[in-house]
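Trainee: Chains A and B, in that order, give the protein sequences.
Per our numbering: the first sequence = residues 1357 to 1429.
Per our numbering: the second sequence = residues 3 to 376.
Calculated directly from the structure, the hints in this document are not laboratory data.
Quick reminder that beta carbons are idealized off the backbone N, C-alpha and C, glycines included.
Careful, some of the hints might be misleading.
[What the hints assert, rightly or not] Here are some of the chain A residues that sit facing chain B, going by a computed Cβ distance under 7 Å:
#	residue
1	V1380
2	Y1383
3	L1388
4	M1393
5	V1400
6	E1413
7	A1415
8	A1418
[What the hints assert, rightly or not] Simulated coverage check for chain B against chain A, where a stretch passes if three residues somewhere in it have a Cβ under 8 Å from a Cβ of chain A:
#	region
9	172-185
10	220-227
[As the list claims (entries may be wrong)] Partial selection, computed: residues in chain B whose CB lies under 8 Å from chain A:
#	residue
11	D26
12	L28
13	Q168
14	V169
15	A252
16	F275
17	Q278
18	I368
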Amino acid sequence: MKYRSALLAAALLLAGCSGVEPWVKPYERDRLADPIMSFDRNPVSQSYIDHVHEAREGARGASGSAGGGCGCN
Amino acid sequence: MKALLLVLASPAALAGVLPEERADTLYHYYDGGGVEIQGPSLLVRKSVGEKVSLSGSYYVDTISSASIDVITTGASPNGYDEERTQWGVGADYLRGDTTMSMGLSSSEENDYQADTLNFGISQDVFGGLTTISMGYGSGSDTVGKSKDPEFSEDVKRHAYRLGVAQVLTRNLIANVAYEAIADEGYLNNPYRQVRYVDPDDPGNWLTQGEVYPETRASNAAAIRGKYYLPYRAAVSGEYRFYTDDWGINASTFEIGYVQPFRSKWLFDFRYRFYTQTAADFYSDLFPYANAQNYMARDKELSAYTSQGPHVGVTYTFLDQQGDRPLKSTINVFVDHYRFNYDNFSDLRGDPLVGDEPLYSFDANVIQLFVSLWF
Chain A
1357 MKYRSALLAA ALLLAGCSGV EPWVKPYERD RLADPIMSFD RNPVSQSYID HVHEAREGAR
1417 GASGSAGGGC GCN
Chain B
3 MKALLLVLAS PAALAGVLPE ERADTLYHYY DGGGVEIQGP SLLVRKSVGE KVSLSGSYYV
63 DTISSASIDV ITTGASPNGY DEERTQWGVG ADYLRGDTTM SMGLSSSEEN DYQADTLNFG
123 ISQDVFGGLT TISMGYGSGS DTVGKSKDPE FSEDVKRHAY RLGVAQVLTR NLIANVAYEA
183 IADEGYLNNP YRQVRYVDPD DPGNWLTQGE VYPETRASNA AAIRGKYYLP YRAAVSGEYR
243 FYTDDWGINA STFEIGYVQP FRSKWLFDFR YRFYTQTAAD FYSDLFPYAN AQNYMARDKE
303 LSAYTSQGPH VGVTYTFLDQ QGDRPLKSTI NVFVDHYRFN YDNFSDLRGD PLVGDEPLYS
363 FDANVIQLFV SLWF
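The shape of chain A in the complex, shown without the other chains (with noise of 0.2 Å):
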């Protein structure tokens, strides 16, 4: 029955989205496209803190940017 209405939904969730227009035009993500807006403006520093948050703490993962080796101890 759960899995029935997770399949429904997905369904109907697709057939939504199969006519979707963007409701946020194109001319509209100016702001959007301003450097302050990006989630990792600085790729070199954001693999380097990750690298430094991985090192010292348990949890891994879904940070969004590079990793690398340890160094750690």
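Keeping the supplied structure of chain A fixed, place chain B upon it in accordance with the hints.
Mentor: Okay, now just chain B, sitting in the frame of chain A:
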């Protein structure tokens, strides 16, 4: 030492275009808890034609470590020095609204080698309002032990990633990321010790080597949002939940604010808070030798919090328009961290069992880098 898997570059909020051509030269410095790490990092990205972007990176950690576990229960009471070098190459291929990427990275230090291969694909849908991305990473590590050339153990790693970047309004974007990682092999640190109560003197303690499970599976999910304010500035928020089969659950919260000043300056402010529970087989002090199948006293597997601010200043000293636009910035970023451990004791001064204070320390991280867009 643990090795980390590479994670693919985050899906761009507005994809369907190749990453920017740029070169970055960074110097990094970490100082905290008796550990000093510094070195350079280089990243260059160049397009070849209109469909291919290539990248190359080089990174060095020069480490001088006299951390609490190294000097109190480790093999080097006076600390140690070592160096880690990492290089990476990558390629992105753009075809319509689809970007395919591949990356290879290798990290080497005297007692640890880690190689990682990554694949990714991202697809723009709904007129570029949504970007869906998927990735897979495969890692292969070789764990060694200095002063024991016979010691060599392997670790295999697999990472699976899913991401959705969504334009919600003309001022708001969001990003959801999920990553599952599975490790198999020698996951211990070959040097680290656990401690247990001395059976002949209950006020004293003795040590033995750590024993970890040979597998680890983790899941992490994050949601991020960024909002353009009515004036030219942006606020951001992030939450990440993490859980693994070693019993660690962790949460990360971050809020941020970016404020440009005139045309050349950019100021970044963030505050990050991290908290985790301890691994099931972690103990600050075991009751006797070989008390459990698995035993750890790694402070990164204990229960603790870490928090602190980030301040960044960016100055654009070159901004040339025209046929060959050229832009260059100089950046100084400073992060401060306060680590407070809930069940990891400070053993300096050889305190008696029961008298050990809990450990805490502060760390400062400085990044100085120059970026060039060409």
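Trainee: Would you mind marking each hint as holding or not holding in the structure?
Mentor: The hints, checked one at a time:
Residue-level restraint check for V1380(A) holds (minimum Cβ-Cβ distance to chain B is 5 Å; threshold 7 Å). Checking Y1383(A) against chain B: minimum C-beta separation of about 10 Å lies over 7 Å; hint violated. Evaluation of the L1388(A) hint against chain B yields a held restraint, the C-beta minimum of about 6 Å falling below 7 Å. Residue-level restraint check for M1393(A) holds (minimum Cβ-Cβ distance to chain B is 6 Å; threshold 7 Å).
Interface hint status for V1400(A): upheld, as the beta-carbon distance to the closest one in chain B is roughly 4 Å, under 7 Å. Satisfaction of the interface hint for E1413(A) is found here, the shortest Cβ-Cβ separation to chain B being roughly 6 Å, below the 7 Å cut-off. Checking A1415(A) against chain B by beta carbon gives a least distance of about 4 Å; that is within 7 Å, so the hint holds. Evaluation of the A1418(A) hint against chain B yields a held restraint, the C-beta minimum of about 4 Å falling below 7 Å.
With 9 residues carrying a beta carbon less than 8 Å from a beta carbon of chain A, the region 172-185 of chain B meets the three-residue requirement, and the given coverage holds. Chain A is given as covering the region 220-227 of chain B, and this holds because 6 residues of the stretch bring a CB closer than 8 Å to a CB of that chain, at least three being needed. Against a cut-off of 8 Å between C-beta atoms, the interface hint on D26(B) holds, since the closest Cβ of chain A lies about 4 Å away. Nearest Cβ of chain A to the Cβ of L28(B): about 5 Å, under the 8 Å cut. The hint holds.
A least Cβ separation of about 10 Å between Q168(B) and chain A goes past the 8 Å threshold, and the interface hint is therefore violated. At about 5 Å, the closest approach between the beta carbon of V169(B) and any beta carbon in chain A falls short of 8 Å, and the interface hint on this residue holds. Annotation: interface hint on A252(B) holds; nearest CB of chain A at approximately 4 Å, less than 8 Å. The restraint placing F275(B) at the interface with chain A is violated, with a minimum CB-CB distance near 12 Å, outside the 8 Å limit.
At its closest, the beta carbon of Q278(B) sits 5 Å from a beta carbon of chain A; the interface hint therefore holds under the 8 Å criterion. Residue-level restraint check for I368(B) is violated (minimum Cβ-Cβ distance to chain A is 11 Å; threshold 8 Å).
When the structure is compared with the earlier hints, violations turn up for hints 2, 13, 16 and 18 and for no others.
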